[in-house]
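Peer 1: Chain order of the listed sequences is A and B. Residues in the first sequence are numbered consecutively from 132, following my numbering. Residues in the second sequence are numbered consecutively from 520, following my numbering.
Mixed in with the good hints there might be a few duds.
[Unchecked claim] If the Cβ cut is set under 10 Å, some of the chain A residues that face chain B in the computed set are: (1) Ala189; (2) Arg219; (3) Tyr234; (4) Leu247; (5) Arg289.
[Stated by the list, open to error] Beta-carbon label-pair distances, calculated as ranges: (6) Arg258(A) to Gly850(B): 53 to 59 Å; (7) Glu314(A) to Ala771(B): 38 to 44 Å; (8) Ala317(A) to Ala771(B): 50 to 56 Å; (9) Gln616(B) to Arg313(A): 35 to 41 Å; (10) Arg690(B) to Glu314(A): 36 to 42 Å; (11) Arg885(B) to Gly305(A): 26 to 32 Å; (12) Ala646(B) to Asp228(A): 31 to 37 Å; (13) Glu314(A) to Ala873(B): 26 to 32 Å.
Think of the hints as simulated: they come from the structure by calculation, not from any bench. No residue lacks a Cβ here, since even glycine has one placed at the ideal position from N, Cα and C.
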Amino acid sequence: MDEDIPALAVEALTKRHGTGAAAVDALLGVDLTLARGTFTAVMGPSGSGKSTFLACVAGLEQPTSGRVVLEGADVTQWDEARRTRMRRDRIGFVFQDFSLVPYLTAAENVALPARLAGRRADPQAVRQALARVGLADRAGHLPGALSGGQRQRAAIARALVTRPALLLADEPTGALDSTTAREVLALLRAAVDELGQTTVMVTHDPVAASRADTVVFLVDGKIAGRMAAPTADAVAAQLAHLDQLTGAAR
Amino acid sequence: MTALALRSLRHRIPAAVATLVAVLLGTALMASFATLVQSAGGAHDDDRELLIIMGAVVGGWGSLIVLFSVASTVGIVAEQRIGEAGLLRTIGATPRQVRALIVYEATAVTLLAAAVGAGVAVFGGRALFDAVQRGGLISTASAYGGGPAALTAAAGVVVLVSVVAAVISSRRANRGPAAFSLRQADVPDRRLPRWRALTGVVLAGSGAVAAVVTVTVTGESADPYAAMQTSGSASIVAGVGLAALAPVLLRAPARALRPLLARSGGGYLATENTTRRPHVFAAMLAPVIVLVSTAVGTLLMVGIDGRTRTAASDPEGVGDTITTINAVVIGMICLFAAIMVVNAAVAAVVHRRAELDRLWRLGATRGQLRAAVVLEAAVVAVVGIVFGLLGSTATAVPYAIVRHEGVLPDGQLWLVPAVAAVAAALAVAAAWGAHRRPDRWKTLRS
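Produce the entire structure from the sequences given, and follow the hints as far as they go.
Peer 2: Written out as structure tokens, the structure reads:
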């Protein structure tokens with residue numbers, strides 16, 4: 132595939148929840164292009180549209196208008212079934228609540244996307260994915276027998292095993308203590324550096340955001356600013372003065 | 520806590536409906552038979568024995584099924600509250616308060632449902648009495664005497680069993696540290712409670728004993744209906760016993776079905792789910808076993824009786840009437856068991872919507888999720904049919920031997936596939952219907 136095609140291009144994306152007087156505009160025209168192998172953090176206050184943005188990119192929600200182009204393919208008008216297959220095959224998802232299937236072992240959770248695609252997962256690939264996140268010796272455990280950090284690492288292994296075009300992480304450290312959170316962030320960073328994994332992470336945490344290449348600030352459904360080579364302090368300072376960003380954006 | 524319980528109820532209508540249906544229909548069935556017993560008090564001397572047998576013995580078998588269904592439904596519903604119980608505990612509810620919430624909720628629904636059920640039995644009991652009288656089993660000299668005593672006694676037993684089941688289940692909600700249950704559904708390493716295992720073994724054992732007694736003792740008796748009295752209940756008792764053991768019965772057979780199903784995505788999910796979380800599906804399995812065991816066992820018995828009855832064995836000429844009444848009563852009990860199959864299947868699936876939603880987010884198509892839900896129900900149905908048929912032999916085989924038909928009855932074997940098909944269709948259709956209720960598929964967040 133042509134290396135110049137961005138992993139993700141979002142154009143004039145809008146999303147309105149509800150209709151009439153109860154309508155809420157979650158996204159008001161978001162434009163964002165992500166080159167392959169980049170790590171982008173999306174930050175913003177509650178209600179800024181972060182999660183809606185992620186849901187639209189992942190095809191969980193249909194945008195109201197605008198386009199989502201994944202590796203050159205416009206997925207916006209795809210039907211539900213096609214978007215589901217896209218999510219399974221082309222997108223890796225890491226959730227705040229881990230979203231492991233409780234009755235499948237760590238290894239079976241990692242193999243699940245392949246299973247759902249009707250393939251038998253390559254045991255070698257599953258082993259490698261688990262080893263990469265340091266869970267080689269926990270492959271046969273059910274999620275209930277894993278710690279929070281281990282669950283999130285298993286979820287990362289599951290997200291990476293298909294070598295997706297895009298890894299989406301929704302507050303991946305939100306439910307973890309700071310030490311485990313650091314480990315999880317290191318794994319995401321390593322996936323970008325070593326595997327060239329294009330990654331988008333929604334987060335509240337300036338420390339988490341500082342591990343990304345770029346931070347995008349989302350305010351009231353619009354991109355209000357960007358920061359390259361972020362540090363935790365700079366991100367925190369910017370978050371404290373988002374009103375200035377919105378002023379500048381107007 | 521009572522106020523909180525009532526408010527919380529309004530938001531859990533599907534769960535409350537499961538309890539409501541089980542208690543309402545159960546009370547209606549039990550109380551109807553109870554009025555026959557009460558009527559016996561004022562009945563003509565010749566009719567008294569029959570009314571007591573009909574009400575207490577036949578009604579007693581039905582009661583066993585009713586009480587088991589009520590206890591198991593209340594148990595499922597209470598168990599589904601465990602996650603919420605963890606939430607309440609993290610914000611400061613004491614374990615006692617959490618238990619009270621669960622018990623009050625179950626009690627509120629049960630009282631309402633039992634009251635309505637008793638109201639239904641006011642008419643049901645009279646209709647049953649009229650049917651028995653029209654059939655000529657009792658003389659016109661006796662009059663219907665059912666009243667508040669029978670109705671409240673039956674309703675009281677149902678309420679008691681329901682509340683006790685809620686108390687037992689509520690203890691589970693307080694296990695483990697509070698915040699633990701906030702983490703999403705784990706697969707708890709849960710053993711069958713000892714009292715339940717014991718109940719199951721005792722009941723299944725009594726079914727087997729009744730079968731042996733039928734062949735060795737009552738089958739030799741001069742009274743042609745003595746054998747029916749011991750064998751008729753055997754399949755019901757054995758079925759309920761096996762149903763109590765349902766969580767341990769599911770795993771091995773479900774695993775045996777794995778190679779058959781594991782090729783498709785949905786089938787894979789279905790087999791892993793049924794083998795790894797048998798306690799979730801035991802609630803669905805139990806009523807299937809009871810339905811198949813009861814229906815096949817007792818209906819075959821009635822059939823054998825019809826074929827082998829001779830003038831000599833039926834000097835009083837009441838055989839046809841007994842057959843009719845048997846069919847009506849068994850029909851009622853089977854109908855109840857069938858409704859419980861639907862009830863349990865719906866309760867099991869509705870509770871799993873969040874889990875299905877999670878799988879959808881991970882890339883399972885709706886077709887795969889539908890296949891998973893339907894195949895799970897099918898696995899449960901197949902296993903339930905196998906054990907149900909095992910339970911039914913406790914009645915059918917000894918009665919066939921006693922009436923000289925051999926080990927297998929000579930006729931009506933079509934009942935076996937017919938009942939199996941009905942049970943499987945009910946379980947699968949209910950699961951499919953519950954799964955496709957429309958409100959689910961929106962994503963949770965916005």
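Peer 1: Hint Tyr234(A) vs chain B: min CB-CB distance below 10 Å?
Peer 2: holds, 4 Å
Peer 1: Does Arg219(A) meet its interface restraint, that is, does its C-beta lie within less than 10 Å of any C-beta in chain B?
Peer 2: At 3 Å from the nearest chain B Cβ, Arg219(A) passes the 10 Å test, so the hint holds.
Peer 1: Does Leu247(A) hold up as a contact with chain B if the rule is Cβ-Cβ below 10 Å?
Peer 2: holds, 4 Å
Peer 1: Can you verify the interface hint for Ala189(A): is its Cβ closer than 10 Å to any Cβ in chain B?
Peer 2: holds, 8 Å
Peer 1: If I claimed the Cβ atoms of Arg885(B) and Gly305(A) lie 26 to 32 Å apart, would that claim hold in this structure?
Peer 2: holds, 28 Å
Peer 1: Is the distance from the Cβ of Arg690(B) to the Cβ of Glu314(A) consistent with 36 to 42 Å?
Peer 2: holds, 37 Å
Peer 1: Holds or violated: the 31 to 37 Å window for the beta-carbon distance between Ala646(B) and Asp228(A)?
Peer 2: At 53 Å between Cβs, range violated.
Peer 1: Take the C-beta atom of Arg258(A) and the C-beta atom of Gly850(B), compute their distance, and say whether it sits inside 53 to 59 Å.
Peer 2: holds, 57 Å
Peer 1: Could you see if the CB distance from Ala317(A) to Ala771(B) stays within 50 to 56 Å?
Peer 2: With a Cβ separation near 43 Å, Ala317(A) and Ala771(B) fall outside 50 to 56 Å, so the hint is violated.
Peer 1: Given Arg289(A) as an interface hint, is the shortest Cβ-Cβ distance to chain B below 10 Å?
Peer 2: Holds, about 8 Å.
Peer 1: Could you say whether the range 26 to 32 Å given as a hint is met by the Cβ separation of Glu314(A) and Ala873(B)?
Peer 2: Distance hint for Glu314(A), Ala873(B) holds at roughly 28 Å.
Peer 1: Go ahead and decide if the range 35 to 41 Å is satisfied by the Cβ distance of Gln616(B) to Arg313(A).
Peer 2: holds, 38 Å
Comparing the model with each numbered hint stated earlier shows that hints 8, 12 do not hold.
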